[in-house]
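Read off the chains here:
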Amino acid sequence: MATETIGWWGVPLAIIAGTIRGSAPFLFVSLGECLTEKSGKINLGLEGTLLLGAMSAYATSYLTGSPWLGVLMAGVAGMFLGLIHAFLVQQPKVNDIAVGIAMIIFGSGIAFFFGKPFIQPVAPRLPAIELGNWSDIPSVKAALQISPLFILGLAIAPLMQWFFRSTRWGLFIRAVGDSPEAAKAMGISVNKVRMLAIIAGSFLAGIGGAYLSLYYPGSWTERISSGQGLMAVALVIFARWNPVQCLYASLLFGGSQAIGPALQSVGVTGYYYLFNASPYILTLLIMIITCSPKRTLSGVPGALTTQN
Amino acid sequence: MSTNRSSYLNRRKVIRGILTITAFGVTSKLWTGCTPTAQQNPTNSPNSTGTNSPGGTTKPIVMGFIYVGPKDDFGYNQAHAEGKEGVAKIAGVKTVEEANVPETIAVQETMRNMINQDGVNILFPTSFGYFDPHIIKVAQEYPEVQFLHCGGLYEEGKHPKNIGSYFGYIDEAQYIAGIIAAHTSKTGKLGFVAAKPIPQLLRNVNSFTLGARTIKPNITTQVIFTGDWSLPVKEAEATNSMIDQGVDVITCHVDSPKVIMETAEKRGIFCSGYHTNQAKLAPKGYLTGAEWDWTSVYSKYAQMISEEKTLMNGGILHVVRGGLKEGFCKLSNYGPAVSEAAKKDAEATKAKFMDGSMVIYKGELKDNTGKVILPAGKEYKQQDIELEKMNWLVEGVTGSITS
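Protein sequences, first through last, are from chains S and D. 189 is the number that our numbering gives to position 189 of the first sequence; each next residue is one higher, with no gaps. 365 is the number that our numbering gives to position 365 of the second sequence; each next residue is one higher, with no gaps.
Misleading hints may appear alongside valid ones.
Straight line, CA to CA, 30 Å or less: simulated DSSO-like cross-link-like pairs of lysine-lysine [claimed, not checked]:
#1 S/K116 <-> D/K284
#2 S/K116 <-> D/K161
#3 D/K196 <-> D/K344
#4 D/K186 <-> S/K141
Note that these hints are calculated values from the structure, not bench results.
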């Protein structure tokens with residue numbers, strides 16, 4: 001290993017950098033899903049929302065030259081899909097998981113359809129905040145480029161926690177999610193609250209898509225999400241429907257994406273399939289350690305996966 | 001939920017709705033079925049003879065192209081789609097295409113549809129995984145249709161006679177790209193983002209490295225396997241990790257190099273493309289690239305078929321391969337960062353490939369564990385079948401293919 005490079009320090013650095021770069025999509029989608037599931041409905045379609053968000057952000061940024069407008073558009077596109085999902089799942093005898101799968105296909109379908117002309121052109125990207133200027137090492141500098149969107153996500157997580165715990169609206173959502181009958185007795189419109197929660201959740205997921213196409217990896221291709229939306233939906237269960245734990249789970253998954261490549265780049269060449277699978281192994285371990293035969297999952301909204 | 005009882009649909013409404021949808025479906029199906037025939041009557045029907053195909057054949061040449069992914073991904077599929085665009089310009093050749101066809105039973109349906117509805121008589125299912133069992137199965141059903149598969153899996157006697165395969169030695173272009181990379185690199189470390197350790201890919205890694213080591217004998221190539229053909233986030237991570245380790249020229253073998261080129265450009269290092277020309281994505285750092293030239297290959301096929309040569313009558317060889325000389329691949333135009341000396345060396349090597357005197361793999365050749373692959377005095381020519389079973393990385397490559 002040459003002296004001027006950082007050698008083995010590259011592994012922790014790459015994991016930190018990967019966490020900073022790669023966890024925002026997980027974060028936004030899982031926060032959105034957390035909000036949705038707290039109201040008692042599942043939105044599996046966020047994978048499609050992520051793709052549509054990525055496409056509309058890239059397209060808007062290319063057409064108007066303003067990436068921030070793209071971020072907004074991604075959110076709006078997400079809300080549009082959320083609206084459809086919210087409308088469908090509240091019809092009688094409709095299963096939200098089945099609708100979610102349909103929405104994955106629908107969302108990715110329209111994203112691919114409208115996204116065709118935007119694969120080739122290069123759109124302006126989101127700027128990054130440089131926090132690494134104190135260092136002379138270019139790789140440290142590059143690792144500490146932080147997207148403002150990521151900081152926004154970091155701020156939303158505790159804010160959402162506080163929202164659920166301490167605000168009237170948060171109570172409404174929890175009530176609707178835990179016991180729709182009780183909520184109705186309180187005089188809350190279950191449909192309206194769920195509608196708003198799903199739409200707001202999809203808005204966040206759309207922003208996650210904008211991060212993918214406008215910041216990291218920073219281009220629009222049809223494979224851009226590579227299943228991250230679905231992973232993030234699963235993260236919510238892993239995080240026990242707690243926004244701050246969603247943040248930790250997203251950081252874990254974002255960082256672990258970097259493990260495989262980082263180890264190979266310092267010369268650990270074998271077992272890369274195993275290293276690439278490390279987040280899943282870790283998830284399984286945590287699930288096994290934290291599960292108990294004596295109680296059900298804590299924190300699960302009572303009305304989740306029920307028919308009302 | 002007894003409150004919204006009124007919103008339930010009664011049976012009559014449901015039946016009426018189903019009937020309406022069915023009626024609409026049937027009419028719209030008929031409607032779309034009619035349009036193409038009305039518009040493209042002269043060429044669409046296989047029985048019509050009014051085409052201007054060269055050689056005076058009565059049967060029009062209709063080529064069907066099938067891609068596994070999107071056809072504008074700056075990658076493998078785009079290279080084939082460009083080939084299709086090129087061959088479509090030839091008079092008397094009609095082309096149809098379908099993108100995003102998975103390597104499942106879906107491709108069989110696509111092939112049958114192309115044959116039955118569009119009258120396709122030459123099929124180019126371009127993805128490696130289409131071959132077995134899909135192409136073999138459909139080829140047995142339609143013995144008069146010719147199937148040309150990109151990948152070189154055809155075996156004489158084992159597979160139906162109407163299947164052929166073609167593939168290019170694109171590692172020749174990678175060898176020259178390696179020469180240019182070595183000239184440009186200051187740190188002496190090159191990077192290669194790879195998908196899976198299959199022989200064709202390892203051959204690209206090895207040729208790239210051997211090319212580079214003719215210029216700087218101590219240069220190394222760091223290879224990172226992402227594990228699959230299209231994982232944009234992992235590819236970006238791999239690129240970033242290698243740059244952190246001092247790599248300053250990066251190339252790749254994945255389905256769509258877009259993300260890798262853009263990441264390299266963002267971090268201010270050099271990159272060398274693959275599949276198609278990616279100069280647009282990295283205007284400053286793009287050196288050159290190993291590109292497919294399917295237009296020339298497909299045009300040759302069209303020419304042979306218009307001369308009434310077929311796979312079945314032996315006019316077309318079942319296995320067609322070639323490199324730079326045969327027009328299977330080419331190099332991207334040199335980028336602004338390529339020095340005059342690098343251009344000179346690259347052109348000299350290219351000339352040797354063009355006259356057929358160039359041999360990449362010659363002894364003494366060691367793999368990166370020190371084992372001798374080829375003793376001194378021996379060589380593997382490009383056509384050597386041994387090279388298609390490659391499961392080693394040459395000396396100078398950092399990486400290992402054991403998963």
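Each hint, compared with the structure:
1. S/K116 <-> D/K284: Since the Cα atoms of S/K116 and D/K284 sit roughly 26 Å apart, the hinted pair holds (cutoff 30 Å).
2. S/K116 <-> D/K161: Given that 30 Å is the threshold and the Cα spacing comes to 38 Å, the pair is violated.
3. D/K196 <-> D/K344: Status violated; Cα separation ~33 Å.
4. D/K186 <-> S/K141: holds, 20 Å
Of the hints listed earlier, those the structure fails to meet are numbers 2, 3, in rising order.
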